[in-house]
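*Asks:* Listed below are the residues making up each chain.
2 protein chains.
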Amino acid sequence: MEIEQKVINTLRKLSLEQIMTAKSGHPGVALGAAPIMFALYNNANICPKKPDWFNRDRIIISCGHASSLIYSTLHLFGYNVSIDDLKQFRQLGSYTPGHPEETVTSGVDCSTGALGQGFANAVGFAIAENFLSEKTKKYQKIVDHYTFVMCGDGDLMEGISYEAAAMAGNLKLNKLIALYDSNDISLDGKLSLSSNEDVQKRFEACGWQVLFVKDANQWKNVNKAIIKAKQSTDKPTLIICKTVIGYGSKLAGSEKCHGKPFSDEDVAQMCASLGVSDVPFKIDEDVLLWQKNVSNKGEIEEQKWQQKVEQLKENNKELYNEIFAPKFNINKTLNEIKFKEALATRDAGKTVLNKLANTVPNLIGGSADLVGATKTYIDNSSYYSATNRIGRNIAFGVREHSMAAIANGIALHKGLKPFVSTFLVFSDYCRYAIRMSALMNLPVLYIWTHDSLAVGEDGATHQPIEQLESLRLIPNHCVIRPADAEETKGAYKIAMQENCPVSVVLSRQTLPILKSSSANNVEYGGYVISEEQNPKNLELILIATGSEVSLCINVQKELEKQGHSVRVVSMPCKELFFKQDKTYQNKVLPKKCVKRISVEAGVTSGWAKIVGDNGVAIGVNQFGESGKGQEVMELFGFDVKNIVKIAKKLLK
Amino acid sequence: MEIEQKVINTLRKLSLEQIMTAKSGHPGVALGAAPIMFALYNNANICPKKPDWFNRDRIIISCGHASSLIYSTLHLFGYNVSIDDLKQFRQLGSYTPGHPEETVTSGVDCSTGALGQGFANAVGFAIAENFLSEKTKKYQKIVDHYTFVMCGDGDLMEGISYEAAAMAGNLKLNKLIALYDSNDISLDGKLSLSSNEDVQKRFEACGWQVLFVKDANQWKNVNKAIIKAKQSTDKPTLIICKTVIGYGSKLAGSEKCHGKPFSDEDVAQMCASLGVSDVPFKIDEDVLLWQKNVSNKGEIEEQKWQQKVEQLKENNKELYNEIFAPKFNINKTLNEIKFKEALATRDAGKTVLNKLANTVPNLIGGSADLVGATKTYIDNSSYYSATNRIGRNIAFGVREHSMAAIANGIALHKGLKPFVSTFLVFSDYCRYAIRMSALMNLPVLYIWTHDSLAVGEDGATHQPIEQLESLRLIPNHCVIRPADAEETKGAYKIAMQENCPVSVVLSRQTLPILKSSSANNVEYGGYVISEEQNPKNLELILIATGSEVSLCINVQKELEKQGHSVRVVSMPCKELFFKQDKTYQNKVLPKKCVKRISVEAGVTSGWAKIVGDNGVAIGVNQFGESGKGQEVMELFGFDVKNIVKIAKKLLK
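Chains as they are written, first to last, in the numbering used here: chain A, 2 to 653; chain B, 2 to 653.
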C-alpha cells in the first residue's frame, strides 16, 4: 500500500474512532470522503503551523457532519489538533465539537452544519479573494489563493446552493473549486427517492466547468481533477467525485452508516480490511513519519509571502493598513454629515453609507435586486462583475438567502467589510444565514428597509409584523431601528464598530428630524429624547422605536397640553440598552414610574419586560393590510388620537 | 386588430389605469405579460361564475406584483371583480389589494408577492391533483386538472424555485405547466447584472420539458405552447415566454417601468399606440361583447363534473366525504392511544401520527430528508413517487423551504391535509413559507423535532435557541410544545382541528409520562399539572413547556420538601392560553401569586408577560454548545439544583 493510501485509511480509522469514543457522529461521509479530503489538503496551499495565514487557500467543508474527518485531517496534516482532542470529539468544551466551528478550532475556516450554507459562504470567500487580488495586483498580488468547498448531496439540494452557484457562474469566479462528494445516498435512503437531477447539466447551466471523477476512492483521480480545475480562467469548477458512503465497512453503500456509531466488530473488521491498526487512536510508524514531513507544508511559501507583505508595507502603507490593520476614522466622517430636512431613514442611510464608503474603502456589498428601493448603492464605485473586479456594488439578484451567506464568507475571509440589504419582511428568507453571522461573530451589516405597515399599498406580504422582534431574538446580534436621520448616523456607527452582525432597520416613508435626537446616544440603546415638563411628577413614559418616536412626541405634546407630565424615550436598540448599567437604565426608565406605554409597529411580545405589569404595549399582532401607508397605520391604531386615549385610560 | 389582441390591449390599459388611480403599482410586468395571461386564462379549464369549482385548472401568479393584470384579467373573463373594484386597487379594505390575496379575491388561487413562493406552491397543487386523481380514477377521475404557474425572473432566481423544480421533475408532475415571463430586466436593471444562466438547461437538468416562445407578445404563440405542454405525459413543462417589459409604453424594455406609475402623457400615448380608449376604465364595445361571451366559460364542464360527483356520492359515499366533506372521528382514535412508558415526544408523535393516518386518509406529508429522525413516516403507506401515485409519504429531500411552500400548495388545493417535518432549528429555512401558511389560514401541520439544547453533541448549529419563540411571533399560528407523550396527543388534536398552521415541537430525548398530564388540557394552552401542597398559601408558580415541565416537577418536589408551597403549570401553547377567558387564566396563574419562574430551554424574551415584574424567566440567550445533551442542559442551568437556588432567592 502506498503511503498516501495508508494516510487516507488512517483518516478513516481515526474518524471512526472519534465517533466510537463519543458514541455519536457520522461515519458514512467520513469513510467515504476521506480520499477527497486527503487530495484537497494535499493539494491546497496551506501552512498547518500558521493556520490563519492570510493568503492560504481557504477550505470550507459544507457538509459539516464530516467533522470527525476534518479533525483527523487537521491532526495528520500537523495542525494544532492532538490525539487527545480527537478523543474529546463532541464533548463539552472540547476543541473538536460536533460540527466544525470556526471560532473554536484553528484550521477550521468556516462553521458549518446546516446544509448549503458552507457552499454559499465559499462564494463569498471567492469574491473577497478576487476583489483583494485585483486591488493588490500592483503589489505582487498579496492576495492570491483558491477557495475550496467540499459539499454533499444535501448541500446541493438546498436552494441556497443553487442561488450561490448561479452568482458564482455569472461572476466567473474561476478560483472557486467545489468538490462534490456524490455517493447517491441521503439520510432517508437512496438519493433517487428525492432527487434525480443531472447535477453536471445544472452547474453547466449556471456557467460552471464540471469535471467528473468516476472513482474518487482513488485519491489521485481527485488530485488530477483539482489540478485541472486550478487552470480554469473563466469559470468556477465543480468536481463530481463518485464515492461510496461508509467505504471499508460492512455497511458501505447504505444510508445505515450515515449517522450512528458502528459496533466494535464492525470497527475491527474495517481496520483489518483497510490495513491499519485497530488499537484505538494508534497511528502506524510510517504514517507518523509522513505526518512529520507534511506538517512543514507551506512554511516556505508563507515566509515568501511575508516578505511581499513587508514590501507592501514599505511601498504603500495605506493599502497595507486597509487590508491588514483596518482602522478608519469614521467619527470624523459621520460628524461631517448634517441632516436638516425631514427624510426617510432609508434616504439618510444612503447618505451615511456613501460617506462611509469614502472613508472605508473596504466596504463592499449590495442588495437582492432592490438597490433602487433600499438605496444602498455606492455612488462613487461601480458594479462588481466578471469584467470589473474592483466594483464595490454587488448585484446579488433576487437571492436573499445566499446574499447573507455570501456576506458571511466575505467577512470570514477578512480584509473586507460586507453589507447587504433588502426589505425587512424578506429577512425571513435570510434567517439561518443571519444566525450564522451571529454564531461566528461576523460583523456583517444588514440593512433592512420598508420597516413597517407604513409600507402601505404592497400589502400583507410586504409588511413586516414579526420580523423586527424576531431578528432581536437571534443572540449576538444588534438590531437598531433609528427614529430619524440623526439616529441613522448612530446606527451605522455601531455597525462599523461591533464584532457581531448589526441590523439597521430603516423606513420607506419620510420622518422628521427630531429636536433632541442624537447619533451618539444610539450606543446606549435607549435615551430620553423628549423630557417631561415636570420632572418632579413624571406620570407616564412613552417608549418607541423608528417612525413611532415622532408619533410619540406628538402624543406627548397633546398630553402635556392636557396637563400631564410625560417623557418620551427613543429605544433604537434594546440589546444595547440592556447592556448598560442599572443606574443608566433607571435614569432613562425610573422604576417609580410604572405607567409606561411602548409603541412599535410590530408584534408586542418583546415589550412586556420594558413596560412592566402596569404598562401597555401598543403594537400589531396580526398581518397587515394593503392601503395607503398612513391609513394602514391609523387602522392599526398608530395615531395620536388612539394613543392619547390609551394613555389617558392608563393615567386614570 | 383581432378581438383577442384588443382584449389583451384592454388588459394592459385597465392594469395601467388601476396603477394610475392608486398612484402605486407595477406597470412593467402588467404590460409585458398581458398576452401570456390572456393565453393562460383563455386556455384554462375554469368557470368564472364558479371560481371555487373543485376541478378547475389552478392558476398561480407567482410574480404577485402583476396584481393589476390579474384583476384586469378576472374582470374581463367575467369573474366577480368589477370596474369599481379596479378603481379601488390597492386601497384599504378593497377587493383588489396590492398583491393578490387568496383570502380576499375570489378567483385568486394563491396569495403571492414574495418571490419564488408561488412557484413552489404550484408544485404542491400539482401533487395534490395527481394524488387525488389517482385516488378517484375508478370514479371517472373526479379530480383531473392542470396547474399553471406564471413566474418571472425574480421567482426563478430564488432558491426555493430551484428546490421545487427539482422535486417536480423527480416526481414527473406532467400536469404542471410553468409560464416564465422572461423579459431580461429585473428591478435593478439588466438581468445579466446578476444572472446569466441557461434557464432551459437548468430546467432540463431537473427533468422538465422546456418550450421556448420567441415572441410571446403574440398570444397565439403562447397558446400553442400551452397546448403542447398539456400533452406531456412524464414531465412538467416550463414555457419560456420572451416578452418586453412595459410593452406599448415609451419605457418599454427598461427597468424604469417596473415599479412606478407613468405620467398621464405616457398613458395616453400607450392607449393610442395600442388602439384602445384612453378614457379611464372605459372598455370598447367589441371587448364588452367578447367579455359577455367568455363569462359563461366552463359552465357546461362544471355541470358535467357535478354529475360525476353525484355519481361518486351514490357509489362511494366514503370517498366522497373524504374529499369534499372531510370529517373524521379523531377523538376516538386519540383516546385509544395509551402511553405507559417514558419516551421521547418525537416517538410519541410517531405513534399518534400513524394512528391518525389510519383514521384520516387525507393525511399526507413527510420530511426534509430526516424522516428517520423526525419519525414522521406513515408505516402503512409508501413513498409517493413517479411510479407510485398513491403513496402518502413525501420525500422532500434536503429542501426545507420548498417543503413548507409545497405543503401550502397542497392545503390550498383542498382535499388533503399536509404535514411536514424537520429539526426545529431548520425551521429558519422555512420561515417565509410558514408565514404564508398563516397569512392564508392554511392548516399545515409542522412537526419540529430535536427541540432544544438537549440535542447535545450536534452542537450550536443544530441546537435551537431562538426558534421556538420566533415561531410564536408569527400571527395566526399555534406553537405547541408538549411536556410528554400524553400532551403530544393533545397537540396533534389541535393540529387536526385548527384553521391555521400548527407547529408541534417535539423532543429528541426520552421524557417521563407525567402523572397529571392531560391531552385534553392542551387546548387551554396552559394548566396546572402539579398542584401545590398548601393551596391556602401558594408561594411560587413554576411555568414550563416541553422537557422542562418534568424538570420543574422535580424542582417542586425539592422545594416542597423544604416546606414551600409550589405549583407547576404546563404551558404547551401560549397562544391558546391567552385566548382563554381571564377567569381561567387567573385560576391557573392567580394574580396574587407574583412569585413566578418560567423555565424553557430557549430565549426568555417572550416570558416577561407571564412571569411579571416580580418573576424570573430562566432560559438561554446565547448559542448552545456541543456535548452530551444532559451536560449541555446543566451547563446552561437546566437542573434541579440551579432552579431550586433561584427559587429560594425569589422566595426570600
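Calculated directly from the structure, the hints in this document are not laboratory data. Some hints here could point you the wrong way.
The list cannot tell twin chains apart, which means a pair is met if one copy fits it or any two copies do.
Restricting the straight-line Cα-Cα distance to at most 20 Å, the calculated cross-link-like pairs of lysine to aspartate or glutamate (DMTMM-like) are [said to hold, decoys possible]:
1) K231 to E205
2) K243 to D185
3) K298 to E632
4) K629 to D85
5) K231 to E302
6) K596 to D614
7) K88 to E632
8) K293 to E5
9) K257 to E303
10) K649 to E205
11) K650 to E323
12) K236 to D199
13) K558 to D199
14) K516 to E135
15) K51 to E205
16) K610 to E319
17) K593 to E559
18) K305 to E315
19) K24 to E632
20) K592 to D614
21) K593 to D614
22) K309 to E337
23) K593 to D285
24) K593 to D267
25) K257 to E499
*Asks:* Could you work out which earlier hints the structure fails to respect and list their numbers in ascending sequence?
*Replies:* 3, 9, 10, 11, 13, 14, 15, 16, 17, 22, 23, 24 and 25
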